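Chemist: Residue numbers (full-length UniProt numbering), protein chains in the order written: chain A, 1 to 921; chain L, 1 to 921.
Just so you know, these hints were derived from the structure itself, not from any lab. Predicted, not measured: the structure shown is a model, and the values here were computed from it. Incorrect hints may appear among the rest.
Same chains, same names: a pair is fine if it fits in one copy or spans any two.
The list that follows gives simulated cross-link-like pairs (lysine to any residue, SDA-like), each with its CA atoms no further than 20 angstroms apart [said to hold, decoys possible]:
#  : residue 1 : residue 2
1  : 61        : 81
2  : 80        : 236
3  : 61        : 88
4  : 459       : 253
5  : 61        : 85
6  : 12        : 457
7  : 10        : 291
8  : 177       : 379
9  : 80        : 129
10 : 10        : 240
11 : 285       : 79
12 : 61        : 87
13 : 61        : 89
14 : 197       : 885
15 : 197       : 876
16 : 80        : 521
17 : 459       : 682
18 : 414       : 236
19 : 883       : 216
Listed below, chain by chain, are the residues.
Protein chains: 2
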Amino acid sequence: VDKTSCPATKPKMLNVHLVPHTHDDVGWLKTVDQYYYGGRNDIQHAGVQYILDSVVAALQKDPARRFIYVETAFFYRWWKQQNPSTRRVVTQLVEQGRLEFINGGWCMSDEATTHYSAVIDQMTLGLRFLNDTFGECGRPRVAWHIDPFGHAREHASLFAQMGFDGFFFGRLDYQDKARRMKAREMEMVWRASQSLKPPAADLFTGVLPNGYNPPPGFCWDQSCSDAPVQDDPDLDDYNVDMLVATFLNIASAQAQVYKTNHIVMTMGSDFQYENANLWYKNMDKLIRYVNAQQANGSVVNVLYSTPSCYLQELHLANLTWPLKTDDFFPYADDAHDFWTGYFTSRPALKRYERLSNSLLQTCNQLEVLGGAKSRSGPFGEGHSDTMKRAMAVAQHHDAVSGTERQHVAYDYAKRLATGWAHCQVLVRNSLAVLSGSDVPRVFCENLNISVCPLTEGSKKFSMNVYNPLARVVTWSVRLPVNGTSYSVTDSNGKEMDSQVSVCVDRGYAKYELVFEVQAPPMGYTTYSVTLLKAHPARAPTTPKPVYFVCVVEGSSFIAKCPLCGRYNASGGDAESRQASGAYIFRPNSSTPISINQNPNISTLQEVRQQFSPWVSQVVRLYNGSRELELEWTVGPVPVADGLGKEVITRLDSNISSAGYFYTDSNGREVMERRKDYRPTWDLKQTEPIAGNYYPINSRAFIKDGRNQMTVVTDRSQGVSSIYNGSLEIMLHRRLLHDDVRGVEEPLSEPGEFADGLVVRGRLLVMLTPPETAADMHRPLAQGMVLQPMLSFQEGGSSRLSQFSGLQAALPPAVHLLTVSQWSNDSVLLRLEHQYESSESKTYSLPVTVNLQKLFSTLEIVGVSEMSLGANQWKEDMKRLQWKPSTGTNTHAARQTAAFHRPCTFCILNVFFWGGGGLSSR
Amino acid sequence: VDKTSCPATKPKMLNVHLVPHTHDDVGWLKTVDQYYYGGRNDIQHAGVQYILDSVVAALQKDPARRFIYVETAFFYRWWKQQNPSTRRVVTQLVEQGRLEFINGGWCMSDEATTHYSAVIDQMTLGLRFLNDTFGECGRPRVAWHIDPFGHAREHASLFAQMGFDGFFFGRLDYQDKARRMKAREMEMVWRASQSLKPPAADLFTGVLPNGYNPPPGFCWDQSCSDAPVQDDPDLDDYNVDMLVATFLNIASAQAQVYKTNHIVMTMGSDFQYENANLWYKNMDKLIRYVNAQQANGSVVNVLYSTPSCYLQELHLANLTWPLKTDDFFPYADDAHDFWTGYFTSRPALKRYERLSNSLLQTCNQLEVLGGAKSRSGPFGEGHSDTMKRAMAVAQHHDAVSGTERQHVAYDYAKRLATGWAHCQVLVRNSLAVLSGSDVPRVFCENLNISVCPLTEGSKKFSMNVYNPLARVVTWSVRLPVNGTSYSVTDSNGKEMDSQVSVCVDRGYAKYELVFEVQAPPMGYTTYSVTLLKAHPARAPTTPKPVYFVCVVEGSSFIAKCPLCGRYNASGGDAESRQASGAYIFRPNSSTPISINQNPNISTLQEVRQQFSPWVSQVVRLYNGSRELELEWTVGPVPVADGLGKEVITRLDSNISSAGYFYTDSNGREVMERRKDYRPTWDLKQTEPIAGNYYPINSRAFIKDGRNQMTVVTDRSQGVSSIYNGSLEIMLHRRLLHDDVRGVEEPLSEPGEFADGLVVRGRLLVMLTPPETAADMHRPLAQGMVLQPMLSFQEGGSSRLSQFSGLQAALPPAVHLLTVSQWSNDSVLLRLEHQYESSESKTYSLPVTVNLQKLFSTLEIVGVSEMSLGANQWKEDMKRLQWKPSTGTNTHAARQTAAFHRPCTFCILNVFFWGGGGLSSR
């Protein structure tokens, strides 16, 4: 918005900015398409197509009216269906600032359970659509996360790097809010990175007064029951005088907790404005009647506005604002109502989303590397668009968060599967181009449960291992087979070590073939597997010595065998009726119940702990690895005793952690946590377990002066450290009550046989000195996020059995975050410095990458640096600057880093031209 | 509609007329104003202001779209608030036939519990507004009673006389509907009068296919949950093919039960179209996709239409239609679900409505007689508009029917009270003009419970008795007093007979002063009352001999003392879960329980029967009267036993009624009824009591060759004749269950002291030969409807103590139905021939009235005859003519009766000019 499109305000009055808005969940109780069309209105009345129809019509009736729209996943669906004349009208409304896009991502992402790479992708997808459709007038200036259940600092950092001028949200801890209202600290400057030089990650942040709802009594949507403005004195229930008086009281009370003579009111809520006339007709009257009181001395001025127009007025006020450096987790809206359950809810979906991210990055890379033939090649038409959109939808705060209805969770999974199906074609085409082999290629998506028909039945097959990381990875592969002896050779024909062990998963496969693979950066290699012996004389023995790892002792360090335990879920008690549910975690006792103190332990080349029929854990320490792998399998969680259960694994050590522990923020920076403590207010702890849970997306650790125990996880989970030296991670949840936050369905995921869902996952545990921990967990966590993709071909190996898209591995500090075809002749590249400014002596240093020498097959003919969302040239990115009342004010030092300038913990975003295909080698 | 504004149809196809409509109850779960504004949406989501906003916007988007609007009470409220530009748009939509008014009364009146005079008034009020606002294009052509719970023949007759071309409704007996569907008799010609010469009261009548709802699966309102047309193949749940196929099946099945290649579908329901876009957007698509199938050989053609455009096509079909001569009562929608409870529900409201009608007619007459000063005179500004609108609202099928929520019933009563307050000022002014006395005038509205502070405390007062009938009435007046002896003199100073008896009602008054008064036609007289003796030496004796009337024996006739009994209400049983409720009557046994076989009888000048503490009855036979008065007092009905109760009074006689009995239709023609029988289908009787109940508005009788027992009632009630020679009338109901027809509130009216409501009423019972019964019950019933209005002044009598607005009483056959100021210089006059063609040897004859000699103070300078609704010159009234398949077809003989031509049982409607004030006498 430029100043001219914002409504006039009155400098000597209290200006009340009414912000008409709708909050449209990209799936929740209904699927995203059901929400779009208004299908299944029996579940929830909501139809976004009608919202946009209705708002566009209402805006045309009066140029004073304003509306903001947020979720591009919906706007995109609607725009596709509009005729040219409606499109012209909408374009004009956007150009005049009457319809303004806010936030603008494909969805409003969850902040606790999303990984930064997927968040950047989904924002990029949404912002690109707006940019392509409306140009600069469609560029959102304000980030708007009114509903997510807690706020991650990394999100704020990303928003700052995307060029947003400010950020508003609705939910924060009730104690925090009370303090902020009293102290007039509802609006602040959030310094969102410890590593980036201010104000690169500074973000003006405002807490909205009523969550995202209108003030009580002023909700005029069809879904509300507040009295309309009844202004005909001839009819009953005339209420203008009463409404005006109430509104003036509310405005005046609100002004007491904010700093300027401008206040904002969110006039809307979930799926509102399907019939915008109700809202606007009554707001028109409210504005008229309230402002008419100015003639009688009232100093309140009400106007239609938008968040960016409100923000502009705050900026003009030229005040200093409190500085915020921690984050807004965990979120509690009452003493026993901690929204810490969703950190773990639906662990299978959380894993599938993460796996899909890895597949999408691979798909994107192979689209670039394979060129045009990857989209249209021997295996048909492939593309990454569906997968991009499916992943973007999955970032929604009721998607990967696990807080949606069961049928909606299935829909998210289905979308990812469909996305992957389209990507598979692309990947097959691309690998055919790169490898020179058109032999059909099979993807075994069920390797985690030891199912792969090709490897189970084949006597000779080749396996392609694609590595999306920018450096060589070594990886242990476990393939289900039915023979007892195999020859495995690498792409150079070299025979590899391999083992066959008994497969414990039920299925067709009797055995597992295990061997280590090594794949080149942003490339692949190929292994050939040939059956030597189909039937054993006797069951295969264990060919390797047992690593008994259940107690690891170092010089000064003991880590005990991880325990599996559970909390029984509260169904509400005398103190509070709050039950554990999809959002809320509330155990009925603070002491976890050990599932079995003495699990059955069987040792192959691993330690297999069977705690109970529904909880088992395999502990593995691979050759040459310093990390310990815990593979957990939990479910079906029994609930016949009438108690929901939340299963944890607990890692105990003799580390003197003293109540401190550390968790990542969206998989990127690390936040310090402290038991029963919040950095910004004097916490009254009311839930000793749930109130100490925090989200992790990739890692958590505890440390003391000498040792650090770091856990890297394969999906987003909840974590805490309740005891000294202990880290506990919540793995799975099955509940019998709804937690009264709207889902109205207990979180009890059905499994294969009408029983509870069985979930399997991995944790990597490292024991290191604190100084070198990051050197190990950074690459390990990136390896968990971007996993090698395996594909199989019957018979022999391909012509070109090895390939790397890079001329060389990138320096260890540099992560290849994004390589994605942007247009026919341009590619979006994101290089990330992945070490925080002081976490590694070796790698927390600036590093330089020569883009010209980056790729092995792509010639770069031009480069341009972008904002993080790729919707603005970096040089045009001019954010509003804000003065924090404390902390370093580096206001003057605008960050204008050019792409070639070295930086630490930064993300370099560039378009380059000249890619788009395989150049001649 | 003229032919040009109707959509084109395809002669060789099945044309499906989609009729977009909303059904807007003029009060039900919410008050009329709450419905208008959308207040109290917590009770029910409904806001008519938005419906009209929304529909007008949607109609503008596509000239093919149509909408009908029905309830003028709402349209009037909305129109008042529109600016000139919206009014222009709406006028144009009306002129183009895109927005069409249907029915057009102030409300959609109830058909069972309304009196024809009030129905005519409410229709006139609505039609006038449309006529004044839109002229001929606003004149509704079709009557539309889609929701009333059974249909009265008199309503059809009135509609015919109002000039409607046809009539559609939704509800009829489920057995009747099944038969009609099978026989293709869903559409018919209703010959709605036994007396009027066809086709004067012939009305084409159609039963709608789905009540008034859309076919299953095609409801696209915001209040529905059917799937929208999902036509984007890129999104999930694409359903166009499935929807089109389903629609074609439905259309084809519907065509099987109707006669022409045109069928109608009502696309709407209760308070729908608040967001018209949902409906139209999906119907647009439905029409497009269904008609696109014509290219593939489909012969179904869907179009937007209106009832009158559909009717026009039926007319063009030039078929003969089955003839209907009875009515559609009682209405049952399942075997144990007879909607016969509402004939009696809320008896106090039913009485108050009837009383208000009498007051309104008096108010109207006095407005004409008093001239301009009646509206603005010594007592301030008075008017009849509020009362007219309140009475019109009270005719709604959830108002006087008693099927509204309690708070809405209070609102109807409040509106009537407010209306009367405005009328009181007018009446005071008018009587001041006519009588020459400005002394304040008091109306005692609680005389029925013996409360009137003025008469109770005054030593000398005068009483004005205004008689709205066109003939002299004699009437017994009972005034609460505290003295024991009074002198009563008439306007000529003549001393009248009077009695003082002990007052049995609790209150301030110890005694009742009883005397007979006689008032001139359409005029008043004045009585003076002076206290002679304040305190009695002893309690006043009974000055008259006792008439012991509990058994009346004639030559061949015995009528027994009326019994009071009750049915215990069913709360549902094994056979059906249906409970008795506001709509439904369902006793739990077919044998009524006698409340007391041996009531305490005390005899004053009357027989007072106390059946129980909550049921009593007073039987009076006044001097010179041939009718017996039963004053019943019922309540609070006890329900501590967990059983709802429906209280009846039963009149047993030795008349050989043989299962036949007779009930009036809306207070006008009489319908023959027969136990366990319906004239038009082979009844399977499933509820022996409730299935034999019929509504009465003014009278019921049984007869044999020699005797007739006629009961005239003071309000609408339910009646039946279960036993030979017996008539039972339901007086009051108090229930503990809701009957699941939407009210969701048991009908249990609260009384004064948080107990059940006490209700008092009167029945007049006549014993006559059948031949002369009408001569007696016709005037008696009109006297019950239009009662003398009493007003009191402290002190002496007025200067002009007697007045008649008529030069002479009208002939006995002629009823003065309406005298009402229409404009400054015109008056609406309705004269009614009130005898059916063969019910009276004396009076069922044509009669001539000379309008020039009608009024005593008004000079008529011009007269013009109107349709019954007064929205069309009679000479312009050209209705579509229809051929019944049986019965006399008098198609050629168009009724063009001029006002001066004598007729029987007709209503003459004229405007005359030159009224509007008192001319010099």
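Chemist: Hint by hint, say whether it matches the structure.
Modeler: Tested hints:
1. For a Cα distance limit of 20 angstroms, the shortest separation of residue 61 from residue 81 across copies, 17 angstroms, qualifies, whereas the shortest one inside one copy, 22 angstroms, does not.
2. Taking identical chains as interchangeable, the C-alpha atoms of residue 80 and residue 236 lie at most 20 angstroms apart only when they sit on different chains, with a minimum of 15 angstroms there against 45 angstroms within one chain.
3. Both within a single protomer and between protomers do residue 61 and residue 88 lie at most 20 angstroms apart by alpha-carbon distance, with minima of 16 angstroms and 16 angstroms respectively.
4. For the homomeric pair residue 459 and residue 253, neither the shortest alpha-carbon distance inside one copy (77 angstroms) nor that between copies (62 angstroms) is at most 20 angstroms.
5. For the homomeric pair residue 61 and residue 85, the shortest alpha-carbon distances inside one copy (16 angstroms) and between copies (12 angstroms) are both at most 20 angstroms.
6. When the C-alpha separation of residue 12 and residue 457 is checked against a cutoff of 20 angstroms, the pair qualifies neither within a copy, at 81 angstroms, nor between copies, at 65 angstroms.
7. In this homomeric assembly, residue 10 and residue 291 come within 20 angstroms of each other (Cα to Cα) only inside a single copy, at 11 angstroms, whereas the closest approach across copies is 57 angstroms.
8. Neither within a single protomer nor between protomers do residue 177 and residue 379 lie at most 20 angstroms apart by alpha-carbon distance, with minima of 56 angstroms and 61 angstroms respectively.
9. Within a single copy, residue 80 and residue 129 get their C-alpha atoms as close as 11 angstroms, which meets the 20 angstroms cut-off; across copies the closest is 45 angstroms, which misses it.
10. Neither within a single protomer nor between protomers do residue 10 and residue 240 lie at most 20 angstroms apart by alpha-carbon distance, with minima of 23 angstroms and 53 angstroms respectively.
11. Taking the closest pair of Cα atoms, residue 285 and residue 79 come within 20 angstroms of each other only across two copies (17 angstroms); inside a single copy the shortest separation is 31 angstroms, beyond that limit.
12. In this assembly of identical chains, the alpha carbons of residue 61 and residue 87 lie at most 20 angstroms apart whether taken from the same copy (17 angstroms) or from different copies (16 angstroms).
13. Taking CA atoms no more than 20 angstroms apart as the test, residue 61 paired with residue 89 passes in both settings, with 12 angstroms inside one copy and 14 angstroms between copies.
14. With identical chains, the CA atoms of residue 197 and residue 885 are at most 20 angstroms apart within one copy only, with a shortest distance of 17 angstroms there and 94 angstroms across copies.
15. Proximity of residue 197 and residue 876 under a CA criterion of 20 angstroms is satisfied intra-copy only: 19 angstroms inside one chain copy versus 88 angstroms between copies.
16. Proximity of residue 80 and residue 521 under a CA criterion of 20 angstroms is satisfied in neither setting, with 39 angstroms inside one chain copy and 75 angstroms between copies.
17. In this assembly of identical chains, residue 459 and residue 682 lie within 20 angstroms of each other by CA distance neither inside one copy nor across copies; the values are 66 angstroms within and 81 angstroms between.
18. When the C-alpha separation of residue 414 and residue 236 is checked against a cutoff of 20 angstroms, the pair qualifies only between copies, where the shortest distance is 11 angstroms, while the shortest distance within a copy is 53 angstroms.
19. Taking CA atoms no more than 20 angstroms apart as the test, residue 883 paired with residue 216 passes in neither setting, with 33 angstroms inside one copy and 62 angstroms between copies.
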